[in-house]
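Asker: Here is how the chains run, residue by residue.
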Amino acid sequence: MIISYSEIDVGDELPLMKWTPNANMVKVLMNLSGWMDESETTLSPMSGPNRFTDLASAQKEGFAKLIVPGNYGMMAMASAVEKWIPKSFMSKLDCVFRQPLIQDVEVQIGGVVTDRQVEDGEITLELDLYIVRDDGQRPQGGTAIVRISK
Amino acid sequence: MTEKPNITYNEQMLNVEQEAGSVVFTEEIISDYGNAIGHPQDKSGVQGKIEVPIGVLNAFFNRSVQKGANVELEGATVGLNAGRSVEMFEKIFIGDKLNRSAIFKEVYTKTGRSGTMAFEVWEILFKDSSGKLMARATDSMVYRAPGKAGG
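Protein chains in written order, with our numbering: chain A, 1 to 150; chain B, 1001 to 1151.
Be aware that one or more of the hints could be misleading.
What the hints assert, rightly or not - Calculated pairs, DSS-like style, for lysine-lysine (alpha carbon to alpha carbon, straight line, at most 25 Å):
hint	chain 1	residue 1	chain 2	residue 2
1	B	1132	A	92
2	B	1105	B	1004
3	B	1091	A	87
4	B	1004	A	87
5	A	87	B	1105
6	B	1067	A	27
7	B	1004	A	92
8	A	150	B	1004
Simulated from the structure, these hints should not be mistaken for lab results. All values reported here derive from a predicted model rather than from experimental measurement.
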């Protein structure tokens, strides 16, 4: 059991976080990105019906159901780390989107610490992060760098 | 023998930095993000300043600022995000206003069993009013025929 953040070490695992992306979440985040604003003079490529908001559009592109924008999985990864180490600063986050995430399908987010450095009292952790489905497949994987100050 | 993929794009746009407006990181943005992602954000802050999490930046690194590359790969009708890397060089706080720009960096192809895919790579930058680089995303889109993996 970890007593304090300063004790987090290589090999420690991020507690698995359950996450179910749904249509409302997609809509709110797309709105933040300006994708839902059809009043813009230049519409974004994702304005109007698309694979995230319209089933027929998703099916036309070969998806059985509505999918989730890939970068929202990154947001969930960041969130899982922030819940584990709340007073930290994530300076880098990268992710490869291998397979789509499906709306209303629960996944879990996990990770492991792969490196730990201490300099001037500041701890820098590197983590491998992943999203795992019920069938064990990992549609997204990435890494993060997190700094914990004294 | 491998056939050369039939791909076109606007080479004149390569490495051109395009301004893409500014973003003010408001408390409302942070709240909307936190509530949507299922992790309401801590509003206590440090010395009265509330940090903007890296995930929020991610919402503003998006396709709407990636204009003019005009990548066309024969047979590819679907464009999906293939991957992304986000770096924050400095902490960003609620109330900060940052200028956004986008640079079309490269196009390359990969051919496998399922055919050829084209990858379009962009950098999206956030700078403060003095021009200091605060954050950068490297974003990769893949173009392919419908019905294959991607996100």
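Asker: Tell me the numbers of any earlier hints that the structure contravenes, in ascending order.
Answerer: Hints 4, 5, 7, 8 not satisfied by this model.
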